[in-house]
Amino acid sequence: MNDMEIDLKRFQDTFFEEAAEHLETIESGLLRLEETGDELELLNTIFRAAHSIKGAAGSFGFNELGSLTHALENVLDQLRSGRRASDPALTQLLLGASDTLGEVVAATKKGEAAGIPIAGLVHELEASVNSAAAPAAVAAVVATAAAPLAGQVLQITFEPEREFFRQGQDLFLLFDEIAQVGEIVESRCHREALPDLEALDPEASYLGWEIRVRTKRSARDVRDIFLFVEGACRLEIVAEAVAAAAAVAGATKTAAAAPAPERRANADRRVESSSIRVPTEKVDGLINLVGELVISQAMVNQSLAEQSLSAALEEALSAVQRTTRELQEQVMAIRMLPIGTVFQRFPRLVHDLGVKLGKRVRLDIEGADTELDKGVIEQLGDPLTHLIRNSVDHGIEDPEQRRDVGKREEGVVTLRAFHEGGNVIIEVTDDGKGLDRARIRDKAIAQGLMRSDQALNDEDVYGLIFAPGFSTATVVSDVSGRGVGMDVVKRNVESLNGAITVSSTPGNGSRFRIRLPLTLAILDGLSVQLGREVFIVPLLSIRQSVRPAAEDVRNVLGGRGEVFLLRGEQLPLVRLSRLFSIAGAVEDPTKGIVVVTETDGHRLGLLVDDVLGQQQVVVKSIERNYRKIEAVMGATILGDGRVAFIMDVAELQRIASRRKTRDVTAGREVPAEHDVPVPAQEEKS
Amino acid sequence: MAKKKAQDVPPAHGPLRLEQHGEETWLLLEGSVHIAHARELHALAREAAATSLPVVIQAQRLQRIDLAATQVLLALRETLLKQGGHLRWSGAPASVLESMRLAGLAESFGV
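So the sequence lines, in the order shown, correspond to chains L and B.
Counting in my numbering, the first sequence runs from 13 upward without gaps.
Counting in my numbering, the second sequence runs from 302 upward without gaps.
No lab work stands behind these hints, which were simulated from the structure alone.
Beta carbons: idealized from backbone N, C-alpha and C, even for Gly.
There may be inaccurate statements among the hints.
Subject to a maximum C-alpha distance of 25 angstroms in a straight line, what follows is the list of computed DMTMM-like cross-link-like pairs (lysine to aspartate or glutamate) [as the list claims (entries may be wrong)]:
#1 K640/L x E390/L
#2 K383/B x D208/L
#3 K383/B x E204/L
#4 K21/L x E341/B
#5 K455/L x D499/L
#6 K640/L x E610/L
#7 K383/B x E210/L
#8 K21/L x E331/B
#9 K383/B x D213/L
#10 K228/L x E399/B
Have a look at the derived ranges for each label pair, beta carbon to beta carbon [unchecked claim]:
#11 K294/L x E331/B: 31 to 39 angstroms
#12 L398/B x E341/L: 53 to 61 angstroms
#13 A345/L x G385/B: 51 to 59 angstroms
#14 L398/B x V141/L: 33 to 41 angstroms
#15 H202/L x E324/B: 27 to 35 angstroms
Selected chain B positions facing chain L (in silico; Cβ < 10 angstroms) [said to hold, decoys possible]:
#16 S333
#17 L342
#18 A350
#19 L368
#20 A369
#21 E399
#22 S400
#23 R402
#24 A404
Full structure from sequences and hints, please.
Printed below as a string of C-alpha cells:
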C-alpha cells in the first residue's frame with residue numbers, strides 16, 4: 013500500500029465510523045417514529061443521517077451506497093414534508109432498507125459492495141415514493157413551513173471548520189447542489205485565513221463563502237443541501253429582504269436575522285465536534301504504559317521502604333504516587349463508554365420479536381449513560397440479546413392472555429443500568445408471567461440436574477435455567493426454546509468477572525440481574541502467600557479470612573476432599589498449594605488462613621499460608637502471552653518485580669462443585685458446568 | 302522545447318507530476334485529485350514555487366478535483382503572486398471550470 017492509499021484509507025475509515033453512527037440514528041429514529049408519529053424533528057434527524065451517508069459516499073465514489081441512500085432519502089423527504097404519513101408497512105420497508113444499508117456499508121468497507129443486490133430494494137423504495145398519495149390534512153400543516161417564496165434571493169454565509177476536508181467532504185458537490193435549486197448570482201470566496209504555502213496544512217480548510225442564490229425554493233429547502241455538513245461549519249441562510257430589514261434595524265451582522273433555533277442548533281453541533289476520534293490501539297497502548305508506570309512506581313516505593321528518607325524525598329514520592337494513581341484513573345476513564353452504545357440495538361430486537369410473535373412489547377431503557385469499560389461493553393451484546401429474547405418469548409404473554417389476567421395488552425421489558433458499590437448492575441426485567449417454579453423443578457429432575465427429594469429454595473431452582481441444555485419450552489422456536497442461551501449468558505458474564513442472578517414472581521414477571529466490574533484492566537485484590545509465591549484473590553469475591561481450628565477442617569469423599577466448617581456451614585476447602593504444586597507451603601491448616609470466597613451465592617474456602625494485604629493490581633493476560641492456566645484469570649507484576657497469578661474464583665468454584673456433584677449423585681458423572689446447587693447438609697460424609 | 306523532468310518527480314503512474322518545460326514549471330493533474338492527494342500536491346506546489354518560474358496547471362487529463370486540492374493550488378497562486386510570478390491553468394475540462402465558477406474561484410485562477 014503506498015502513502016496515497018494509506019491517506020485515502022484514513023479518510024474512508026472516518027467515513028465508515030461515522031456511517032455506523034448514522035445507521036444507528038436511522039434505525040433508532042425509525043423505531044421511535046412508531047411511538048411519536050411523524051414528528052418533524054425526528055424525521056429531520058433521520059433524514060440528516062441518511063443524507064450524511066449519501067453525501068460522503070458520493071465524495072468517495074461509493075455508488076451503491078449513494079444509490080440506496082438516495083432512494084431512502086426520497087421516502088424520508090416525503091414524510092418530513094408531510095406529503096405522506098408513515099404506517100407500519102412503510103416503517104418495515106424503511107427498517108429493511110436500513111438493514112441493507114448497513115450491509116452495503118460493511119461490504120463497501122471490504123470492497124465488496126457490488127456483491128450486494130440492491131436494485132430490488134431501490135426499485136421498491138422508488139415505487140413507494142411514486143405511489144404515495146399526499147394526505148391533505150398532513151400536507152396542509154407542513155405547507156406553511158415549507159412554502160417556497162417566488163423568486164427570492166437567499167444570502168448564504170458558509171464557513172467550514174478546519175477539520176472539514178478531513179471528513180471526506182467535497183464542497184464542489186455542494187455548490188453543484190445549490191446550482192440545482194436556483195441560480196448562483198454571486199459567489200464570493202473569502203481567503204483571508206488562507207496561510208502562506210509554507211504554513212499551509214493541506215488537509216485543513218481555510219476558505220469561507222458568501223453566496224447569493226436566486227431560487228423559488230424555500231430557505232429550508234436550501235438549508236437541506238447543507239444537512240450533511242451542518243455539524244462542521246458555520247451556516248447562515250437568510251432571505252435578502254429579511255437581511256436588509258435587519259441592517260436597517262442596526263443589526264451588525266446578518267446572522268441576527270437568522271432564526272434563533274437554527275443558530276442554537278449550529279452552536280450545539282460545534283460543541284459536539286469538540287471531541288476527537290482516537291484508534292483503540294493507541295488508547296490501549298497508553299493504558300499499558302501507565303500500567304507499567306504504576307508497577308515501576310510501586311517497585312521504587314518498595315525499594316525505598318526500609319531506607320531512611322529525607323522529609324522532602326518522602327513528600328516527593330508521595331506526590332508521585334498520588335499523581336500516578338490519578339493518571340491511571342484518568343487514562344482508564346478514556347476507555348469508559350456509556351452502556352447505551354450496546355443498549356441501542358435492543359429497541360429494534362424487541363420490535364422485530366414483537367411483530368414475529370404477535371405480541372405487543374415495549375422496551376424501556378434506563379441508565380443508558382452509565383459508563384463501563386469498552387472491553388466489557390463489547391462482550392455484553394450477546395448475553396443481553398439472549399436475556400431480552402427470553403423475556404419477550406417466554407416472559408411476556410400474548411395480548412389476550414394479558415387482558416384475561418387484568419394486565420395491559422402491551423408488555424414491558426425494562427433494561428436498566430446503574431452503579432452499585434463499585435460495580436455496574438444491569439437488570440433485564442419483564443412484567444410477564446414469571447418463571448414456573450414447579451415446571452423448572454420437574455424438568456431438572458427429568459434431566460438429572462437434581463434429585464426429586466432435594467429441597468431447593470426459589471433462587472436455586474430458578475438458577476437451574478442457567479444449566480446447559482435446560483429448557484422448559486414446549487415448542488422449539490427460532491426465537492428461543494432450544495435450551496441454548498442461558499448457560500452461554502452465564503458463562504459470558506462470568507468471563508467478565510461478573511455474576512448473574514434471577515428472581516421471579518409468578519404472574520408479575522422476572523428480573524435478571526448482572527453484576528459487572530467497571531473495568532477488566534485493573535482489579536482490587538488481596539495478596540496471599542503460598543510458600544515463596546504470592547497470589548492475588550479478587551477482593552470482590554472475598555467474604556472473610558479465618559484462621560481455622562483443627563476441628564474446623566474435615567476430610568470428605570473418602571479423603572479425596574476437604575470441607576471447612578464455618579459457623580456450622582460446610583464449605584469445600586481448596587488447598588491452593590496442591591492445586592498449583594507449590595513446595596514449602598503450609599500443610600497444617602491451623603498454621604494457615606482460610607480465605608472464604610463467594611460466587612453466585614456459593615461459598616468456598618481457599619487455604620493459604622498468610623494474608624499479605626490489599627492492593628490494586630494491573631491485570632495482564634496470561635492467555636495472550638502464554639496459554640490458559642486453569643483457575644487463573646491473569647497475572648500482575650508486584651512491587652518487587654515478581655509475577656503473581658490472579659485467581660479465577662468462579663473457576664475454583666466449578667472445580668469444587670465438580671467434586672461435590674460427583675458425590676451427591678452417587679457416582680453418576682455430571683459435567684462440572686452444570687454447577688448444581690446442593691444444600692450443604694447433604695454433603696456430610 | 303527542451304523537456305526535462307524536475308528532480309524528485311513522483312512515479313509516472315500517479316495523478317500528480319511536476320515537470321519543467323523551458324521557462325515554465327508544469328504541474329500535471331490527472332484523473333481524480335482529492336483530499337487524499339493534498340499532502341503530495343502540497344509538496345509539489347512548494348517545489349514548483351521554489352523554481353521561481355511561472356507555473357502552469359496542466360489539466361487536460363484531469364477529470365475531477367475537490368476543494369481541498371484546489372485550496373492548495375490557490376495557496377500556490379498567492380505565493381507566486383507575492384514572488385512576482387504567476388500561475389495559469391491549461392486545458393481544464395468544462396466541468397472543472399464550472400465548479401470553479403460556482404465556488405467563486407474562476408476569477409482568482411484567471412479561468
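Hint-by-hint comparison with the structure:
1. Note on K640/L and E390/L: the hinted pairing holds, with a Cα-Cα distance of about 21 angstroms set against a maximum of 25 angstroms.
2. A distance of roughly 10 angstroms separates the Cα atoms of K383/B and D208/L; the hinted pair therefore holds under the 25 angstroms criterion.
3. For the suggested pair K383/B and E204/L, the alpha carbons sit about 15 angstroms apart, so the restraint of at most 25 angstroms is met.
4. Straight-line distance between C-alpha atoms of K21/L and E341/B comes to about 15 angstroms, which keeps the hinted pair within the 25 angstroms bound.
5. The straight-line distance between the Cα atoms of K455/L and D499/L is roughly 16 angstroms, inside the 25 angstroms bound, and the hint therefore holds.
6. For a cut-off of 25 angstroms, the pair hint linking K640/L to E610/L stands: about 23 angstroms separates their Cα positions.
7. With a C-alpha separation of about 13 angstroms, the suggested pairing of K383/B with E210/L holds against the 25 angstroms cut-off.
8. Restraint check for K21/L and E331/B: satisfied, since their Cα atoms lie roughly 20 angstroms apart, inside the 25 angstroms limit.
9. Under the criterion of a C-alpha separation no larger than 25 angstroms, the hint pairing K383/B with D213/L is consistent with the structure, at around 19 angstroms.
10. A distance of roughly 22 angstroms separates the Cα atoms of K228/L and E399/B; the hinted pair therefore holds under the 25 angstroms criterion.
11. One distance hint, 31 to 39 angstroms for the beta-carbon pair K294/L and E331/B, holds here, with the actual separation near 35 angstroms.
12. Checking the proposed 53 to 61 angstroms range against L398/B and E341/L shows it holds: the Cβ atoms sit about 58 angstroms from each other.
13. Judged by the Cβ atoms, the range 51 to 59 angstroms given for A345/L and G385/B holds: they are separated by roughly 55 angstroms.
14. Roughly 35 angstroms separates the CB atoms of L398/B and V141/L, a value that falls within the hinted 33 to 41 angstroms.
15. Our hint of 27 to 35 angstroms for H202/L and E324/B holds, since their Cβ atoms are close to 34 angstroms apart.
16. Given hint, S333/B at the interface with chain L, holds; its Cβ is 8 angstroms from that chain's nearest Cβ, closer than 10 angstroms.
17. A hinted interface residue such as L342/B counts as satisfied when its beta carbon comes closer than 10 angstroms to some beta carbon of chain L; here the least separation is about 7 angstroms, so the hint holds.
18. With a cut of 10 angstroms, the hint placing A350/B at the interface with chain L holds, because the nearest CB-to-CB distance is about 6 angstroms.
19. Because the closest C-beta pair between L368/B and chain L is about 4 angstroms apart, less than 10 angstroms, the hint holds.
20. Annotation: A369/B was flagged as interfacial toward chain L, and the flag holds, the nearest CB pair being 4 angstroms apart, inside 10 angstroms.
21. The closest approach between the C-beta of E399/B and any C-beta of chain L is roughly 8 angstroms, which is under the 10 angstroms cut-off, so the hint is satisfied.
22. About 4 angstroms separates the beta-carbon of S400/B from the nearest beta-carbon of chain L, less than 10 angstroms, and the hint is met.
23. The beta carbon of R402/B is positioned within 10 angstroms of a beta carbon in chain L (closest approach about 8 angstroms), and the interface hint is therefore held.
24. At about 5 angstroms, the closest approach between the beta carbon of A404/B and any beta carbon in chain L falls short of 10 angstroms, and the interface hint on this residue holds.
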